[in-house]
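Student: Sequence:
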Amino acid sequence: LWYIPAVRKPHLPTNPFVYGRVLGIADAACARPKYETAILQVARDKGRLALSGDRRLGKSTLIERTLAADKRPLLRWDFHRVYPTEDLVHRAAEQLDAFVRGLSPIARKLTPWLREIGVGIDSIRLSYQGTEAALRVRTPTDHLARLLGFVSDIAKRREFALFIDELQDIRDGLPEREGDAVLGLLRSELQRLRIPCFFAGSSRESFRALFMSDASPFYESARLLEVTSIPAPELRAFLVRQFARGRFELPPEVGNVLLAIAGESPNDVQHLAHETWNAAVGSRIGGGELGRA
1 LWYIPAVRKP HLPTNPFVYG RVLGIADAAC ARPKYETAIL QVARDKGRLA LSGDRRLGKS
61 TLIERTLAAD KRPLLRWDFH RVYPTEDLVH RAAEQLDAFV RGLSPIARKL TPWLREIGVG
121 IDSIRLSYQG TEAALRVRTP TDHLARLLGF VSDIAKRREF ALFIDELQDI RDGLPEREGD
181 AVLGLLRSEL QRLRIPCFFA GSSRESFRAL FMSDASPFYE SARLLEVTSI PAPELRAFLV
241 RQFARGRFEL PPEVGNVLLA IAGESPNDVQ HLAHETWNAA VGSRIGGGEL GRA
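Numbering (the numbering used here), first residue to last: 1 to 293.
Each hint should be verified, as a subset may be incorrect.
[Claimed, not checked] Pairs of lysine to any residue residues, derived as SDA-like cross-links and limited to a Cα-Cα distance of at most 25 Å, are as follows: (1) K156 x R125; (2) K109 x L74; (3) K34 x A68.
[Stated by the list, open to error] Here are the in silico distance ranges between beta carbons for each label pair: (4) P231 x S152: 36 to 46 Å; (5) V281 x I261: 13 to 23 Å; (6) R192 x R245: 41 to 51 Å; (7) D153 x I261: 42 to 52 Å; (8) E159 x E234: 29 to 39 Å.
Simulated from the structure, these hints should not be mistaken for lab results.
Note that CB positions come from ideal geometry on N, CA and C, so glycine has one too.
Work out the full structure, taking the sequences as your base and the hints as a guide.
Tutor: And the structure:
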């Protein structure tokens, strides 16, 4: 029997294409200066901005990555498919607790006000771990008001931004009266905060109606900005640059096919590019690599 040694690929840098999560500042991302400029302007003016657009167009990445690059702390509340109100409050408490812990583990031990906020959040979180008896003492909107009070306390001492993702799911997912109560409470408390606030929604019509209908508590409370797909020439140039990091040449015709298959979603483009990178065997990306991917 002849011994055939395994063919080893030369050492390559880490695959730069990332999918399935919000991109961090160290991840490869196609620049989107129009939106990044708007986000930073609102952050500096302590304003309000609502990003609308289809799912997986990169709205969350735009907000989180842009503010992270500007070294601005961000509290994100994700209300995607939230139901019922107790679920909303529980999520808000968990995410606020993680934010408080992330401000500074040392400061949390040494600063009484920060420690007190942590204790207050813990008391709300614990009320959701036992029977429903604890919930009868205080209604879920009372818990939400307390959480918003904690946010206000932090805002008086630390600069940060608040990002509420999928805001429209409060109205779409909760019973009408509950949803209106929660939106009204959020609007009332947020308008008093001297911090930048960002909103994003993928159900385009219901999200836009929150800010455009005079029957909504959030009527004209934020600038609306539509997020569209990345233009093909810019995305193609991004792919060429990233493949070049592994000394791979991406011919224009292969890049065009990759984009045609992946569609307009940046997540799907990154996903297919990620697998194409892994399938590469030579220095030039061809139809064979793309086919295996």
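Student: Hint by hint, note whether the structure agrees.
Tutor: To see whether the hints hold, each was checked on the structure:
| no. | hint | verdict |
| --- | --- | --- |
| 1 | K156 x R125 | holds, 23 Å |
| 2 | K109 x L74 | holds, 21 Å |
| 3 | K34 x A68 | holds, 17 Å |
| 4 | P231 x S152: 36 to 46 Å | holds, 41 Å |
| 5 | V281 x I261: 13 to 23 Å | holds, 20 Å |
| 6 | R192 x R245: 41 to 51 Å | holds, 47 Å |
| 7 | D153 x I261: 42 to 52 Å | holds, 50 Å |
| 8 | E159 x E234: 29 to 39 Å | holds, 32 Å |
Checked against the numbered hints above, the structure violates none of them.
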